[in-house]
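If you read the sequences in order, they're chains A and B.
Going by this note's numbering, the first sequence opens with residue 1, and the numbers climb by one from there.
Going by this note's numbering, the second sequence opens with residue 1, and the numbers climb by one from there.
No wet-lab data here; the hints were simulated from the structure.
Fair warning: there could be bad hints in the mix.
[Stated by the list, open to error] Straight-line alpha carbon distances no greater than 30 Å define the calculated DSS-like cross-link-like pairs of lysine-lysine that follow:
hint, chain 1, residue 1, chain 2, residue 2
1, A, K420, A, K4
2, B, K131, A, K409
3, A, K386, A, K49
4, B, K20, B, K213
5, B, K171, B, K20
6, A, K409, B, K106
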Amino acid sequence: MPLKERISRNLSASCSRVPLLGWLCGALIAVTLERFAGTPVALALGLPKIPALFGLDIMLKKPILVPNAVLYVLLVYGLPMGVTTRSSISLTNRLAALLFRFPIAVTVAVHLALLYATLHLWAGSSDYRALVLKLTLIAVMLTLSLNVINGYMGEFSCSHPGFMALGAYCASVFTVGLFVDDQLFGAVFLPPALGPFLFPVALILGGFLASFGALFVAIPSFRTRGDYLAIISLAFLFIVKSMIENLEFVRGPRGLSGQPDWADLPTVFLWAVLCVWSINNFVRSTIGKALNAVRDNEMAAGAMTVDTRRTKVVAFLFAAFWAGVAGGLFAHVLRYVNPSTFGIQNLAEVLAMVYFGGLNSVYGSIVGAVSISLLGEALRPLEIFKWIIIPLLLILVMIFRPTGLVAFKDLDVTSLLRPKQNQGGKV
Amino acid sequence: MPILRVHNMSHDFGGLRAVKDYDLEIEMGQIRGLIGPNGAGKTTIFNLLTGIYTPTEGEIWLDGRRINGLPAHRIASMGISRTFQNLLLWRHMTVLEHVKLAHYSKIRYGLFGAFFGTPGRNREEAEIEEKAVLLLDRMGIRHLAEQVVHNLPYGAQRRVEMARALATEPKILLLDEPTAGMNPEELEQIMEIIRRVHGELGLAILLIEHRLKVVMELCERIQTLNFGAVIAEGTPEEIQNDPEVIDAYLGRESVI
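If we strip away everything but chain A, and leave its shape as in the complex, we get (with noise of 0.2 Å):
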């Protein structure tokens, strides 16, 4: 099939000079459409309404509407975004060229704006689709946070959601207790106009606390290397979760309500990017790179001066941390939290996103954790059976590609963001 061939030969080729500026103009332009010519292409493709997500939640519940749903992703999403970006190579070229003039943060900064402002756009849609994205965000945390001790270092871990209920617990309990007329902590301590600068405070203090509890797990287990670590994370998480429950000051496992409206997308985002940014600094650093030299072999790490007990624990700790701050969210995010949502099942899902999307990869947890929870919500209308599905989903990754979609591959931002086609038509 030479025809076929050479269609596919130069759709690659024409992507590859694509710089990711281009792809967010394009993805931009496509989720302003939809702003404004969204409804009326739905309707007229007999939709009842625009498709919250990618048509995916559509497929399920009305699989008679399955071609609509796809003509709309193609027609809404597609086909601009596909124009746009194929007619704009040069230009989008010569902006990403002219961008690397200035120092690197610049670019990083305008490629961040687009990103948002797509995202903005897109969620603004709709409540669900604002709800998803947050989670989907969060998830990416909480996903990229394991996979510097699980990946990275090599280890298992199983304490994540102890780590996340921690974080949503001490936020919970910081910006209720001071903000919220309550009746467990009584009257509003601080005027609510200081609250939106004191909630970093409240989530870098779940993320602190996070990584104190996380010590309790790292000084017995990291003495030796082997299950210790898997166990005695289980067992914490399980502490955690019944010390919780026991806790009548934040209402045992009736749960905790109440919290601050703060959440909102903008913080969810700049918490993301922050938390991808430092994961990412730090794996790329030489302090970051003796957690792979540990985990390939630990005594050729201790031959070569790299501290191996000191490397792990500090990477622990920072992993918790994250899964801290990650946690804070989560419970502004839902505004509720309750012991329950910290157990087996949550930490199933995020090592799913784990080892789906790839160990040792920046990459491979943001894949990991967008598909698994856009696939979650897909699946939605199949109730229990979604947790036949994803779990077979998971085993098949195993089979074919036993380290996950997108492993061992470093971020590295410079050759992201790079123009892809230099001044004279080269690549």
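Dock chain B against chain A, hints included.
Same frame as chain A, now just chain B:
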């Protein structure tokens, strides 16, 4: 004054005394050999010197400081570096990352720099990289810098291990069978590298080796080990003609 002094070192594995009253003194710039049949305790001695095991008895002094009982990474950063008999490389890491990581103990930017990518950290990482590339150049493997090690041929992996050991800037280098599994051509190359490294850096080197050619050509003095104890010590010529050594390797001449 010797750079490394070992006095009366012994080590037990359960009831087995693997090393018996071992003594060693190495001056700066010396190359010493350690030979003996399989299971004689040569690698155990290396593991004791580098802190992987703690000696049951005896003392190890490095540069006037007593180091037995210290953790391996402390001893390594004080100046004892080594290679391993069965190549302990980090299989998912690139050659350049191996050599860079050996600078771990000299990193000054700390955790804050690692998390937030401060300018100081970027500067220091660039310095480390520059040093690492120079070292790779010296070992003749610069073209492999971006390769992941487990794809490399055996001889190249040996060189990576040697480069990594040198990157810790040691005073003493312990080489555990550096020519194991090599063909004659690779053997010549690795000997040339050992000579050059020794000449340029003025290191003390302690060498475990089975090939007599290598030991005889490189070493000034040789110790022969059997069942954990030194049975002969001297220059290569003395060792070659020592009846005890011949016995240990070939067995006693039996009277028919």
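| Against the structure shown, which of the earlier numbered hints fail to hold, in ascending order? | Of the numbered hints given earlier, the structure breaks none, since each of them holds.
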